[in-house]
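Novice: Sequence:
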Amino acid sequence: FPQQCIELLKRSSLESQKLGLMEEVSCLKLKLENMEEKHIKSAERQHKAELCLYNALLFFLSLKIFLNQNTILLLVYGTCHSAISNNFFLLLLFLFPKGITEKMKDMTNSDLSSVSSGVDSGQQSPVLQENVKNSSICKLWGKMKRTGVLSDDIEPTQFKRGGFRATAGPRLTRTPDSGCSSRAHTPFSKWTTEQVCGWLEDIGLGQYVSLARQWVDSGQTLLSATPQELEKEICIKHPLHRKKLQLSLRAFSYKTMEKYSELDHIWVTRWLDDVGLPQYKDQFYESKVDGRMLQYLTVNDLLFLKVTSQLHHLSIKCAIHVLHVNKFNPNCLRRRPGDENKTSPSEVVQWSNHRVMEWLRSVDLAEYAPNLRGSGVHGGLIILEPRFQSETLAMLLNIPPQKTLLRRHLATNFNSLVGPQAQQEKQEFANASGHAPLTTTAKVRPTKLGFTHFRQLRKLRVDESADYICPMDTGTPPALSGTPKRTYGSFRGISPNLARDSDRLEKAGSKN
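Using UniProt numbering, the first residue of the sequence shown is number 1, and each one after it goes up by one.
Heads up, some of the hints might be wrong.
Derived lysine-lysine pairs resembling BS3-like cross-links, with alpha carbons at most 30 Å apart [claimed, not checked]: (1) Lys64 - Lys48; (2) Lys443 - Lys403; (3) Lys48 - Lys31.
It is worth saying that the hints were derived from the structure and are not from the lab.
Given only the sequences and the hints, what does the whole structure look like? Please build it.
Specialist: Have a look at this one:
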């Protein structure tokens with residue numbers, strides 16, 4: 001009996017081992033089947049990929065054969081009227097740019113030769129008819145050349161870095177130096193009609209060239225013309241265009257060329273950005289205000305340009321004054337931030353509007369800095385205008401009056417920025433009798449003239465008006481009078497008319 005039990009136990013263990021081995025074999029069979037399926041699928045994918053690659057190679061080879069035989073170009077050139085064909089043509093250009101461009105040049109040359117032969121023979125060639133039908137292809141070809149699709153085959157002379165873009169129009173494509181070689185050593189009175197018309201385009205008055213070509217015989221015609229004749233003959237009804245022309249004509253009587261004559265009306269629009277008045281760029285550009293006109297701008301001129309704010313008048317006046325002192329250097333204004341701990345009033349007066357905003361960020365007033373955009377606040381206004389104080393700046397920054405600590409912080413940094421001398425003069429001006437604080441709502445009204453004054457005003461020349469926004473310093477230079485030279489002064493000593501202009505604008509603003 002015990003032996004039988006032992007044998008039964010051995011049989012049961014062997015059977016259990018047999019069952020376990022059978023399970024393992026079945027699992028291995030399943031794994032093998034899965035591996036075989038994966039291998040079959042990967043083989044199919046590889047076969048499909050090789051087939052696609054083979055077809056692509058055949059397609060590219062066939063395209064090259066067609067290109068060599070001019071077949072594909074003739075097909076596209078003759079039947080490309082839909083968006084699908086245009087896209088197919090673009091694909092060809094991307095794949096084979098050199099081949100396409102060479103074939104197009106050859107076909108264009110052959111078309112031109114055939115057209116010329118057809119014209120000579122007196123008959124209309126079929127190639128000309130085909131070109132008329134396929135004008136869309138020519139347009140597409142021109143667009144691709146302009147957008148740079150064929151940049152590999154463009155000659156170096158077709159692109160010039162720093163040149164004018166294609167959308168700038170003809171008003172910017174003519175440079176002031178074009179045509180100057182033929183008229184450089186010739187008096188303006190002896191200039192021909194074409195030379196005068198070219199000069200009108202150079203100074204930005206190209207819209208009057210067509211009428212000027214019919215009326216002007218030589219430069220002497222413009223030199224002897226009256227404002228009434230200019231308005232009648234070439235229809236210059238814009239008062240600032242007429243003033244610009246008169247100032248430009250008068251410049252020919254100078255022996256030396258002034259520095260402000262090099263600043264055109266496009267530079268003036270960038271200058272308005274620097275002084276913080278970009279909202280007037282369109283008006284200044286349409287009126288063609290250049291550096292020479294800035295020298296002779298009057299209060300009524302600014303009112304015509306829709307500049308009515310008293311603060312903006314003072315901003316432009318101080319900015320022109322900075323140009324005077326720097327001899328109309330186009331790069332006199334400082335735009336980039338520097339060392340805030342080493343600033344002097346002579347440097348602050350040259351700050352642009354953006355530079356003032358950077359200073360506000362450096363004194364922990366970054367959240368109020370964007371409020372200065374379009375305010376006209378720049379370094380020249382801060383230093384040269386005696387009525388511009390920390391309260392005015394706080395008003396422009398929209399700092400609430402109840403934030404006394406913030407306003408005190410601004411006043412402390414403002415006083416250290418302008419310096420003790422300028423702060424003393426500002427304080428003396430504020431303590432003077434009849435002082436009116438500078439506000440952001442004051443307006444400048446035009447001066448009303450009687451009929452007799454109007455008749456006298458029509459007889460005045462452009463330089464006889466005493467109402468300039470920033471009169472030139474006609475007094476004795478400090479170096480000749482024995483007084484020390486002061487670059488700016490709050491710094492009002494450099495211009496004897498600066499204080500008078502402030503009083504005049506103050507009275508004009510108080511009338512509102």
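Novice: Look at each hint and say if it fits the structure.
Specialist: How the hints compare with the structure:
At roughly 24 Å between alpha-carbon atoms, Lys64 and Lys48 fall within 30 Å of each other, so this suggested pair holds. Among the hinted pairs, Lys443 with Lys403 is consistent with the structure: their alpha-carbon atoms are about 28 Å apart, no more than 30 Å. Straight-line distance between C-alpha atoms of Lys48 and Lys31 comes to about 26 Å, which keeps the hinted pair within the 30 Å bound.
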